[in-house]
Each structure stands twice: as structure tokens, then as C-alpha cells.
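K.L.:
Taken in sequence, the protein lines are chains A and B. Start counting the first sequence at 0; every next residue gets the next number (numbering that gives the first Met the number 0). Start counting the second sequence at 0; every next residue gets the next number (numbering that gives the first Met the number 0).
A couple of the hints might just be wrong.
Stated by the list, open to error - Residues from chain B that keep clear of chain A, each with C-beta distances beyond 12 Å, as calculated: (1) A23; (2) G94; (3) F96; (4) R103; (5) E131; (6) A149; (7) P168; (8) S180.
What the hints assert, rightly or not - Covered, in the sense of this in silico footprint (three residues per stretch, anywhere, with C-beta under 8 Å from a C-beta of chain B), are these stretches of chain A: (9) 6-12; (10) 147-155.
Unchecked claim - Here are some chain B residues the structure puts well away from chain A; computed CB gaps all over 12 Å: (11) S77; (12) G84; (13) A248.
Don't read these hints as lab results, they were simulated from the structure. We treat Cβ as the ideally placed atom computed from N, Cα and C, and that holds for glycine.
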Amino acid sequence: MNLVRAELERLAARRFVQLMVLLLVVAFAVTVATTLAGSHRPTPLELSRAQAQAADQVRDMELAHDRCLRIKAGTVTPDENDYLPRDCAQIDPARMEKLPAASDYLSGVFVFANEAEPLLYFLIAFLAMFGFLVGASYIGADLNSGGVVNLLLWRPRRIAVLGAKLGTLLGGLLGLSALASVAYLGVFWLIGEVSGLTGRLGGEFWSSLGVVWARGVVLVLLAAAIGFAVATLGRHTSAALGTVAAYLVVWELGARLVFQILDVARPERFMLSSYLGAWLSGEARFWDGSACDDGVGGFCDGSYTLGWAPGLVVLLGLTGALVVAAFAVFRRRDLI
Amino acid sequence: MSAVIEIAGLRKTFHTLRQGRRVAVDGFDLLVESGQVHGFLGPNGSGKTTTLRALLGLVRADAGRMSVLGADSPERLSEVAGRVGAIVESPQFFGNFTAHRTLRLLALAGGVPTTRVDEVLEQVGLRDRGDERVKGYSLGMKQRLAVASALLKDPQLLILDEPANGLDPAGIREMRDLMRSLAAAGVTVLLSSHILAEIQLICDHVTIISRGRRVAYGPVAEVLAGFDQHQWQVRVAEPERAVELLGRAGLAVTAYPEHLVVTGVVDPELISRTLGEQGLWVRELVPLRPDLESVFLELTGDHPHPALPRQVDGAPPRDGVIDLDVRESREVDA
């Protein structure tokens, strides 16, 4: 416990960590300021106009659905402008996840319900980068400066020391992510209340946002663990940065190009970014060019999807393998 | 006296892509007993730091047995780590942390009361500068901080690798006084250094390592005595006649422009009597005692003497090599 406390203090006192937190605060402040500057509380007139536009849109959708049903029943003849899906239920407004709302027709008004998810994605992206860099530099600088050796002279249990460092990193990051998310979303909710609209914030909204947040936090922790593990294996912060840069250039760009030239089917299956996207958004849809390449004409849906479950398995597997390798190597390494 | 550090047959080889295989320590033995201030000498690259790192669990030994305060190392090192203070080869600290914070974090990690921080800063003379960032410290101040970190645990055993590194003469004297006061308080000290005069002044026992092997060990006085050739520097008015008289008496004499050196005489009275009986009066009679530096240079092969310890990397020994293990047992163990 003392070791974890000491490590937490050491982590918080690191200048790089403080700099990154400052950067987060600055980015946060800039976003808040621009949002505040570009938003106003809608007047009753603006609101009623937007409500009318939304109601018109819903009515048009109901009419289109009704017409679809009648065309299918043969009571009405379709004209060239009619959109006819296979099943009219696809355009049934009653079955739609989200119907047009007044907030969709308000310009210059920040609507929290509409913006919360993209804002949260931005925060997750920042925290994932933060986690990776801090994770790598935390152990990389310590290995490089002899801090780990100093610590091992006090606690000569390598696995416990490295485990305490990783645990502290992940615990600290989890706490920071939770605090940052609450502060971030809280401030934007307040902006919606004071200088915009909060929108529809039912249980469904919060649960959906909660899922995105939970996925994001898992990603942040995995990024930190990967940074930590690669820097441990390479004994240096730059090892982690170099590995990521090399992966992006060699595999995500280079190999993708080679797969395209060789006409490899579904190359996205081999890319980490596909699984990352699938995990974060719940599902990633890709186009498989070879699926419809059978010479037979007609409709062909060549798309395929990667769900969040395989995404999680791949990300967890990769992180787990790197962390296990880092601990195994560190356990036997000569610290000279 | 009980053994505080025991190393037997320590062997360590490094394998690197660039340099290939390099034997750092080859069957090294070390024994440090309770209450000793034990000097650990060796030239650069002789295996001193590797030995200390292996002892402290930082480097994995290929073979050999080690124990610290009765606990096998590295397996049971954690049981005694709280009683062992150590610095190994100029430890680095985070430049942005103050000395106070650096020590406080170590104390926290090691379960030592943080009140010890001020005490050790005082002990090493950093009390007034403890709140400054380490990056502003001189090499000597960083070294003091390292020693402070080793003292933080109030250790029974102190292992210090080159503690005088970067210290000015006044700092070296302070460090010497500190070592003495610790030894007087019953702390066993293992001190690795290349400042031989310091070792001779501070340490009561010494182990000399060369090319990964122990080449001498024992009480400092005994090690020096083992290399004492009982030489005397003699000045007389008629050196040529003195050479003749001493030679006739069966003594080995070497003539130098300013003086004579007589070798193999235990009692100097023999020289003065031999010359005095023939009316030749001795103006100066000075014993030529070996110091640690000359012993070190002879043993480690870092001198013009043709004798060199054998290569530990498997290279064949040169002609005229003295088997230092044999000499060690003859001159030191005897």
C-alpha cells in the first residue's frame, strides 16, 4: 500500500503528467469558450418554429410510410420519386430510434443531447493518447534514469514493483478519466441549461452515453497498459512511440496498400484500427469488394461487420500479451 | 564474527549483439564480516559493480552462491532489504524533484518513517539545500543525496559503490568521517572505490578484484604486509663503499644516484651496524613500505611489472604470468 501511495505521488509529481493535464484543461477551456461563444438560448419564436419544422418532418415521414404500405398493397401506383424499401417497416417513424426533434432545427444553439456523444469521443481520444504517453514515459523514464533500480534496492521484488507501477498508473488514470468526464460533461450540460438546450435526456440517452463512456475508459486503460508494456520491453519511452509510429506506417498504411494490390479479401480484418473502431462504436461496417465479384448481376450487399466482442477480444489479447511479455522480460532482465 | 556478506564462486557473463560474449565476473569470492569497513577495489571494468548488482538482485548471476545478512540473494533478499542501504554506481534521480521529495518517496515506498528524511539530509550535509531541485545539484551533491538514500533505512549493512565520486577534498573528508562514525556505531560497510588512499584510511579489510577474479583479500595491514619486501632506503657519504660492505655482509643492495635500496632486511639495525662497524655512518635510513596503490597496481596488472593476472575471457596467459591465486594464498592467507 505504501508503495502504491509513493508511486501515485511520484506519478502526480511528474512534469510530463502535469503538462498533459494542463493540455487537457486548455483543450477543455477552448472547447467550452467556443461553444459558449457560438450558442444562445433560443427565443420562444425560434423554438416554436423549430417545433413546427420537426412536426412537419415527422408528418412527412408518416405519409411516406403510409404510401409505401399502399403501394405494396397495390392500391396506389408508384411514381418515379417514390423510395420503396423491401420492407416498409424500415421507414416506419414509429420504429425509428430517433425522430426529428425541435433541437435539430435550431441554428446557433448548443443542444447537449445532440453534442454529448461527439464531445465524449473527443475526450476519450485525448485520454487514450494521454494514457499511452504517460504509461510509456512513466516506466520509460524510470528505467532510463535508474529510478527503478533505486526502488528495487528498497523493494527487491521485481514483479511487485512493476505491478505496483502498472496498477498505480491504471488506477490513477481511471480516477482522472472519471473526474475529467464528469467535469467535462457537467460543464457542457450546464452550457445547455444556461446558453442553449439540454435536449431529450431520458434514461435511454444516459445509458447510451454510459456505454460509450465505459468503452472509452476501457480503451484509455488499454492504451496506457500498451504504452507501459512496450516501454518496459524497450527500456525507453521512445520505444513505445517508435513502435506505434512503425506500426501505423508499416502495417496500417503499407500493408493495407499491399493487400489492395494483391486483392486480399477483407483486409480490414488484419488491422488493429478496425477492431478499435468496432469496440468503440459497438460495430464497424466494411465493404468486401470480392463478395459481389461473382459475375452475376443484381443487388448484392457486400458489406460485413465487426462487432464489439471481437474488437474487445483482439484489444485485450494484444494488451495482455504485451503486458505478460513485459513482466516476464523485466523479471529476468539485468538492470545495468 | 558473523558473515554479513558471503559470495562464493560468482560467475556472470554478458551477451550483447555488439560486443558478443563478455565475462564480467569469473568465480569471484567475497566475505564481509559484521562490523568491518571493507574496501572493495578493482580497476574499471574489473567486475566490481557487476558483483554488487548481482548481490543486490539487479543482475542475474550465472553461477555461484550469495547471501546478505544471512539471507540467500536474490531469493530471500526482500527479507533483509530493510536493513541494507545501498547505492550502485552514481544513481540518478528525477531532476525536477527536490532532494526532500526524492527521499520522502523512497521512505514511503520502503515503509520508513518520513521523519528520517531530515535526519539523513543533515547527516550528509544537505539539510539547507534539501528543498532545491536535484537538477541544480552538483555531482558531489547528487552523490551525497545517494548516500542519504542509502542511510534512510538506518541500515545494518551499507553498500556504497564509489561514494566519493565527484566530491571535492572537503567532501571526501566529510564522507570519510561519516563512514567512520557509521562503523563506530556498528554498521558494516562495504565500500567500493578507486581512491586507494581513501580505502587505506577508512577500511580495515580489503578485497581486490581484477578481471572478474579475487586477487587479494584480508585485513589491510596483512595484505600490505604480504607485499612488503622489507626494503630500506639508505643514504651514506660513500655509497660505493657501502654497497661493497653490505654486499659482503650478504645483503641485496641496489644503488641509485641519490641513495641505496637494501632489500630483505627485517631489522634495520643490521644495516646500521654493518656500516657503523666499518666507520661508515648512516645519514638516513627510511623503510620503504608498500601502500595500497602499489599493491593494487601490481595485483591488477595496471603497472609496468611484467606479471599480469590471467585473462578471464579465456585468452591464454602471457609468458611470465604470476598465478595470483597461488600468491594470494601464500602471502595473504598465511
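K.L.:
Does each hint hold? Answer for all of them.
P.N.:
Structure-based check of all given hints:
1. Remark: the non-interface label on A23(B) conflicts with the geometry, its nearest Cβ contact in chain A lying 9 Å away (cut-off 12 Å).
2. Once the 12 Å rule is applied to beta carbons, G94(B) is inconsistent with being away from chain A; the minimum gap is 9 Å.
3. Once the 12 Å rule is applied to beta carbons, F96(B) is inconsistent with being away from chain A; the minimum gap is 7 Å.
4. For R103(B), the condition that its CB be more than 12 Å from all CB atoms of chain A is violated, with the nearest at approximately 8 Å.
5. The Cβ of E131(B) sits about 15 Å from the closest Cβ of chain A, beyond the 12 Å cut-off, so the non-interface label holds.
6. Look at A149(B): its CB is around 8 Å from the nearest CB on chain A, not clear of 12 Å, so calling it non-interface is violated.
7. No Cβ of chain A comes within 12 Å of the Cβ of P168(B); the nearest lies about 27 Å off, and the non-interface call holds.
8. Consistency note on S180(B): stated as away from chain A, and its beta-carbon is indeed over 12 Å from all of that chain's, at 22 Å minimum.
9. A stretch counts as covered by a chain when three or more of its residues have a beta carbon under 8 Å from one of that chain; for the region 6-12 of chain A and chain B the count is 4, and the coverage holds.
10. Residues of the region 147-155 of chain A with a Cβ under 8 Å from some Cβ of chain B number 8, which satisfies the need for three, so the listed coverage holds.
11. Distance check on S77(B): its Cβ comes as close as 5 Å (rounded) to a Cβ of chain A, failing to clear the 12 Å threshold; non-interface status is violated.
12. Distance check for G84(B) against chain A: the nearest CB is about 8 Å away, which does not clear 12 Å, and the non-interface claim fails.
13. At roughly 58 Å, the least C-beta separation between A248(B) and chain A is larger than 12 Å, which holds for a residue marked as non-interface.
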